[in-house]
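*Asks:* If you read the protein sequences in the order shown, they are chains B and U. Just so we're aligned: the first sequence equals residues 0 to 225 in numbering that gives the first Met the number 0. Just so we're aligned: the second sequence equals residues 0 to 236 in numbering that gives the first Met the number 0.
Since the hints were made in silico from the structure, they are not lab data. Hints may contain errors.
[Unchecked claim] Looking from chain B toward chain U, a few residues come up when the C-beta cut is under 8 Å (computed):
no.: 1; residue: 51
no.: 2; residue: 154
no.: 3; residue: 156
no.: 4; residue: 158
no.: 5; residue: 162
no.: 6; residue: 164
no.: 7; residue: 166
no.: 8; residue: 176
no.: 9; residue: 177
no.: 10; residue: 180
no.: 11; residue: 183
no.: 12; residue: 184
no.: 13; residue: 187
no.: 14; residue: 188
no.: 15; residue: 191
[As the list claims (entries may be wrong)] To spell it out: a stretch of chain U is covered by chain B in this simulated footprint if at least three of its residues, at any positions, have a beta carbon under 8 Å from a beta carbon of chain B; those stretches are:
no.: 16; region: 57-69
no.: 17; region: 90-101
no.: 18; region: 104-118
Quick reminder that beta carbons are idealized off the backbone N, C-alpha and C, glycines included.
As a plain string of letters, each chain reads:
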Amino acid sequence: MTASHVPIDGTYARRRACALASAILIGLTLVGCGTTYNDYEIDPGTVYDGDPLVEPLPFAIGVYYGPEFHVQEANIKRSGPSWVDRYHLRLGPSSIALFDRVLEAQFADFHHVELLPQHTAREPELDAVIEVAFQSVGLMSVGYDLALYAPTGKVIARFEVNSRIYAEHLDEETVTRGLRVAMRNAAARFLVEFHSRLDVRIWLADLGFTEPLAQVSLPRPHSQLM
Amino acid sequence: MAMQPISRLIVLLLLVFSAACVPIPNAGEIEDVDIPFHEEAFLTPGEGVVVFGGSDDAIGRDYFAICLREELRAGNPPVRLIPTTDFQDSLFPWFEPDTRPHNDEELLSFFQRPDVQARIQALNLRHFLMVTGSTSEGKGAGVEAIAVGIYGAKHRSRLTAKVIDLKDVSVLGNASVEAAAAGGFAHVMIYGVILVPTTGSTACEGLSRQLVAVFSGKGPPGFGPGPAPIQTRSEGQ
């Protein structure tokens with residue numbers, strides 16, 4: 000090795016190190032500027048499995064969940080400067096379990112039906128059929144459309160129950176909790192408000208039901224709800 | 000191996016900047032205590048309490064409610080806490096965000112219902128606590144003080160628990176504690192300290208101590224010898 004080789008090799012090595020450092024710096028910058036994608040699967044599971052504090056109505060009710068209700072799914076995105084949260088919500092099975100529990104407590108006799116009354120022969124053992132459908136699904140909100148049908152298929156009442164929960168910061172756990180609370184809240188509103196509706200009261204009176212129900216007056220609407 | 004001058008400079012800068020801002024928590028002290036009930040709030044063995052918080056408590060994120068639950072559970076003696084989920088499940092559909100009673104009159108009317116009383120007794124639940132808390136910052140130093148690197152203000156946290164006796168179905172009153180502490184910063188060049196007031200947890204611990212003492216029959220701290228022992232009340236029932 001001659002003395003003249005040293006500066007040439009040293010320069011080459013410095014350039015190489017410099018290029019490597021630049022590449023690392025550019026790489027780190029690009030990684031820093033890149034978007035992070037987070038995917039979350041949200042299934043609220045069992046929302047309520049207790050014994051509701053309601054006095055059952057002495058009637059037989061059928062409940063109809065449409066095919067799309069069973070497999071209800073929603074995809075919702077939230078994004079920031081460098082992140083995207085993709086939420087995949089599955090509310091169908093937990094909503095069915097919830098409303099089964101609620102309607103089972105609300106009526107003395109409860110059955111699932113495969114078709115709405117207008118699409119099937121009259122079922123004399125049922126006093127009415129309730130159809131439950133999704134109206135809206137959000138990250139921390141849910142809305143249900145409910146329709147009450149006479150055995151003839153005539154609509155007795157239609158109503159909706161919506162529930163929205165607010166939180167300052169959203170993450171997977173908060174969204175799951177928020178949805179569970181929103182679903183319970185919507186179901187609770189259905190149980191509490193059902194008897195107080197005029198069309199439902201007329202229907203109950205037509206069936207000969209006039210006994211007063213043990214209830215307190217309905218509280219004022221809360222700011223958290225739609 | 001001796002450190003290169005550039006490395007020494009980096010180390011020095013790191014040391015300087017890490018020392019530039021040192022956060023120091025300041026718990027402060029309790030300035031005001033108001034416990035308007037004593038012996039009527041005794042818990043007999045096995046009886047429990049439920050703690051409800053503000054609107055954030057719907058998803059279990061109310062700081063003051065979480066704190067008070069933890070403090071009561073860790074009290075001496077520990078208070079038997081009924082989980083809010085058990086309470087809500089037991090009274091469903093009447094204690095969800097949009098169906099729960101909102102004022103004293105609605106709450107008392109609801110808790111008096113025979114079917115509600117039956118569920119409450121099944122839980123062996125004695126007291127319902129509704130917790131509200133707030134923290135405020137007093138007027139701080141002026142612009143001149145900030146310009147020379149000094150700022151300070153007094154922080155106050157007030158925690159209030161409305162206690163409803165579910166056995167007699169009556170409002171026992173609002174127990175409250177206020178804690179105050181100084182917060183701020185002082186800088187000289189790039190060195191300085193940040194005084195972080197933690198009055199929320201001080202108020203929470205203070206209120207918990209008072210409630211634990213009352214619930215256990217010792218009487219609140221600083222309020223004399225305390226009321227009669229638990230057995231006296233049990234015998235009278």
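*Asks:* It remains to establish, for every hint, whether it holds in the given structure.
*Replies:* Structure-based check of all given hints:
The criterion of a C-beta within 8 Å of any C-beta in chain U is met by residue 51 of chain B, whose closest approach is roughly 5 Å, and the hint holds. With a cut of 8 Å, the hint placing residue 154 of chain B at the interface with chain U is violated, because the nearest CB-to-CB distance is about 24 Å. With 8 Å as the threshold, the beta carbon of residue 156 of chain B stays out of range of chain U, its nearest partner Cβ sitting at about 19 Å, so the hint is violated. Given hint, residue 158 of chain B at the interface with chain U, is violated; its Cβ is 14 Å from that chain's nearest Cβ, farther than 8 Å.
Taken as an interface hint, residue 162 of chain B checks out: its beta carbon lies about 7 Å from the nearest beta carbon of chain U, inside 8 Å. The beta carbon of residue 164 of chain B is positioned within 8 Å of a beta carbon in chain U (closest approach about 6 Å), and the interface hint is therefore held. Evaluation of the residue 166 of chain B hint against chain U yields a held restraint, the C-beta minimum of about 6 Å falling below 8 Å. Because the beta carbon of residue 176 of chain B sits about 4 Å from the nearest beta carbon in chain U, less than 8 Å, this interface hint is met.
This hint holds: residue 177 of chain B has a C-beta 5 Å from the nearest C-beta of chain U, less than the 8 Å allowed. Given hint, residue 180 of chain B at the interface with chain U, holds; its Cβ is 5 Å from that chain's nearest Cβ, closer than 8 Å. Annotation: residue 183 of chain B was flagged as interfacial toward chain U, and the flag holds, the nearest CB pair being 6 Å apart, inside 8 Å. Taken as an interface hint, residue 184 of chain B checks out: its beta carbon lies about 4 Å from the nearest beta carbon of chain U, inside 8 Å.
Restraint check, residue 187 of chain B versus chain U: the minimum CB separation of about 3 Å is within 8 Å; hint holds. Because the closest C-beta pair between residue 188 of chain B and chain U is about 6 Å apart, less than 8 Å, the hint holds. The restraint placing residue 191 of chain B at the interface with chain U holds, with a minimum CB-CB distance near 5 Å, inside the 8 Å limit. Coverage of the region 57-69 of chain U by chain B holds in this model, with 4 residues showing a Cβ closer than 8 Å to a Cβ of that chain against a need of three.
Look at the region 90-101 of chain U against chain B: 11 of its residues bring a Cβ nearer than 8 Å to a Cβ of that chain, three or more, so the hint holds. Counting residues of the region 104-118 of chain U whose CB falls under 8 Å from any CB of chain B gives 7; the rule of at least 3 is met.
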